[in-house]
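Chains as they are written, first to last, in my numbering: chain A, 1 to 272; chain B, 1001 to 1293; chain C, 2001 to 2287.
There's no promise every hint is true.
[To be verified] Partner residues aside, some chain C positions facing chain B, computed with beta carbon under 10 Å: (1) L2072; (2) Y2127; (3) G2131; (4) A2262.
[Claimed, not checked] Over the 10 Å line for every Cβ pair with chain A, so calculated as not near, a few chain B residues: (5) V1066; (6) D1084; (7) G1124; (8) V1132; (9) I1159; (10) A1161; (11) N1166; (12) E1168; (13) V1170; (14) I1173; (15) Q1183; (16) A1215; (17) P1256; (18) W1257; (19) S1260; (20) R1282.
For the record, the hints were derived by calculation from the structure and aren't laboratory data.
For each residue, glycine too, the CB sits at the ideal point set by N, CA and C.
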Amino acid sequence: MNAITHHNAIVADRGASGAPPVLEVERISKHFGGFCALNDVSLSVPAGGLVGLIGPNGAGKSTLFSIITGFIAPSEGTIRLRGSPVDTLSPFARARAGMVRTFQVPREFSHLSVRENLMAAIPDQAGEHLFDLFFKPQQVRIQEEQGAALVEETVDFLKLKRIADLPAVKLSGGQKKLLELGRVLMTRPSVILLDEPFSGVNPVLIAEIIDRIIELNERGISFLVIEHDLEALTRLVGRLTVMDYGTVIAEGAPQAVLADARVRAAYLGGPA
Amino acid sequence: MDAYLAAIVSVMLIYVLLALGLTLQYGLTGLINFGMVGFFAIGAYTSALLALHGVPVVLSVAAAAVVAGISAWPIGLASLRLRDDYFAIVTLGFAEIVRLTLTSEKWLTNGVQGLSRIPPIYEGTGTAAAFVIVAILLAVTVAAIFLIHRVAHSPFGRIIAAIRDNEEAVQAIGKDPARFKIQVLVVGSALAGIAGALYAHYVTYIVPEQFVALATFYVWMAVIMGGVGRVSGAVVGTAILMFFLEGSRFLGDFLPWISSVQMASIRIGVVGLALVLFTIYRPQGLMGDFTKR
Amino acid sequence: MSYLVLVQNGIAQGLIIGLAALSITLVFGIARFPNAAAGDMLTFGGYAGLFAFSATHSLLATGLAAIAATALLSLLMYYAVFRRLAGRSAVSLLVASIGVAFMIRAVLGVSFGHGQLVYEIELTRPYIVGGVRVSPLDLKLALIAFVTLAAAFGVLYMTSIGRQMRAVADNSDLARVSGIRPQRVMASLWLLAGALTAIAGVMLGMKTIVAPEIGWEILLPAFAAAIFGGIGSPIGAVAAGLILGVAQELSTPLVGFTYKIAVSFAVMCAVLVFRPRGLFGKAEAVR
């Protein structure tokens, strides 16, 4: 599985095999006052898929992410996770249901260490309930030990060992991106939405992040990725969706999509 | 002199309890409770009224904690989804409404005349009794310090620290910030309620005028000076506050041309100046640089 | 008939609340924090006007003196405190504004004591309009309020600096890139905010008394009106101030005099829970 192109082919196959999509965005529109930020946007992420979402600044990608994950309410449309609508769920409930996101500007818990950031994301901890904290100290301690072991796995997986005890505020931009990825991994998600995972990250680290994402994808986690770095993104995803002015203008295999004249006009700035 | 020292230490311990409540709410979680004195007043009147009707002081203080905690619940439900500056205004208003109610509902609170002859924490007179009272207050305070310390260094404490840093990111990892914030609000307010109850039984006489917004900002001044987000800061800051409050009283004795009314104004002014200067020049407080704001 | 008297009092009270709320909503919208010093600025205006009135017995001179003194105080607050906190969280500025409020109250308390002072106004025979007694003073005060509001709206909507202020309130980033000089906008904002609270203070002093606490007690209804009207909406603040003023007065036969502030508080909480953008507030920000 070294050859990335090979990997893409497999993902594309998996997407086409008819398994139900893990995430479906159906006819989402969003108006802010008189301004239409999103107009009738639909897309889907197949189970085990790796889908890229591109488009010029202001095309509505991050707004769409916020709508999918429940941070912004859409004006119209439906979001389905593994076939069931999640429109009435709050952001934290959607995350608990297995759909998690990262943010364009990383939102680390700046005063917590890297390890604590990861610990905080482990679901269902007795120690997070005041009653259990004082009356079931044994259970709290056991869970903390188990949690610490899980965190060490993630620290090793993302190669964060050297900085694991630093407060997150001290990390570089790229390290914060990795930390956010680690944090959402701790929640045991089924689909991860990455908002510009490569922006402000040096090329060595980008290669690293790509490898990690592919490895996670092989373990069965699906991804929807917003990214401006087309070169990196095409190494990663099996399908591309292109947005402009709040609508989807193209969709399909990366090579085909990028060859599309409309996409070149909208995204690459002119009919080159 | 011993009695005087005991009196100062007693009042200080009561303020430490309030400062610990605010440390939990503001320092650790980032909740801007500008209505601390409202919960303090609810605790004071609850415990005083029960004790005046024959309930043992131990039980009436416990009831004060419960009532103050429960009264924080609807405030939390109604306003925790608000931005923190709006939340601050709501809590400020809540405390004002509490004071209006204490003034108006004469059938219950005896209005501006207040409640007198409240049973003391410990029956007895003289220095020995004063020291027993100090010991009781100290025991409660130490228990509260243990409680806050345990919460701060626990998985619960990790999440509230995360909420303080970035609430949306907490939602993004599948935790409900509102649940944690309501619990923090209730526990901190219950602590303020206990402080109010102990205050009522300590001074044995309470009137609504003792529960003005200024008292809230005494506590804020203590927490901001001591160091936001640190249990030790709550204690140190309160010590400075007491030094200032008592010092201004001594100063009034030595400077006879300053009337007591003017001294009260000067005290308000110094609190104001401290809030302004610390916000501008040392937002992290004296005890170090933990939260950096 | 007694209800008409209550409505009349409510309008007077509402104009005071509305002026203070306008000051608060402008600062909230443009400097982006709830200015808890607005109440004590109002008190300061009440005192400044009192001394001018004792000296001149002219309403015009009183108003102008109060405006000048309070606008200067306001500008001083900006340069000494709030400008140094630019870029910090709204909460830092809020805490600092409470500190400033206490300092103003302390200076007034030390200088003039805690006693109640009154404007020495000669009693005049009320006009009877349709069976309702209307005092000439009330009419003059209402006139002053309307002139002040007209001037404020004139500044906001008909001058270049006013347009810049509203542009900053709408979108501070956009305003910055379009070449608006923030220092000038902020200085103008604080002058205007001070002038508005000054007139509110003079009106409150003339209607009731002057004492160090009067402004703090109007702060909660003024915050309520600013939120009810929609933060950043000048018209909303004034309209909500009038509504709350009348509602507070009309509630007194039902809930008693002391609870009238609770009416404002209840309205504020209800607005925050059910319609956070208030009467005239903008829809949520774009992205």
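Right, here's what the structure says about each hint:
{"no.": "1", "hint": "L2072", "verdict": "18 Å, violated"}
{"no.": "2", "hint": "Y2127", "verdict": "35 Å, violated"}
{"no.": "3", "hint": "G2131", "verdict": "33 Å, violated"}
{"no.": "4", "hint": "A2262", "verdict": "5 Å, holds"}
{"no.": "5", "hint": "V1066", "verdict": "15 Å, holds"}
{"no.": "6", "hint": "D1084", "verdict": "17 Å, holds"}
{"no.": "7", "hint": "G1124", "verdict": "33 Å, holds"}
{"no.": "8", "hint": "V1132", "verdict": "28 Å, holds"}
{"no.": "9", "hint": "I1159", "verdict": "6 Å, violated"}
{"no.": "10", "hint": "A1161", "verdict": "6 Å, violated"}
{"no.": "11", "hint": "N1166", "verdict": "5 Å, violated"}
{"no.": "12", "hint": "E1168", "verdict": "7 Å, violated"}
{"no.": "13", "hint": "V1170", "verdict": "8 Å, violated"}
{"no.": "14", "hint": "I1173", "verdict": "4 Å, violated"}
{"no.": "15", "hint": "Q1183", "verdict": "6 Å, violated"}
{"no.": "16", "hint": "A1215", "verdict": "27 Å, holds"}
{"no.": "17", "hint": "P1256", "verdict": "50 Å, holds"}
{"no.": "18", "hint": "W1257", "verdict": "49 Å, holds"}
{"no.": "19", "hint": "S1260", "verdict": "44 Å, holds"}
{"no.": "20", "hint": "R1282", "verdict": "18 Å, holds"}
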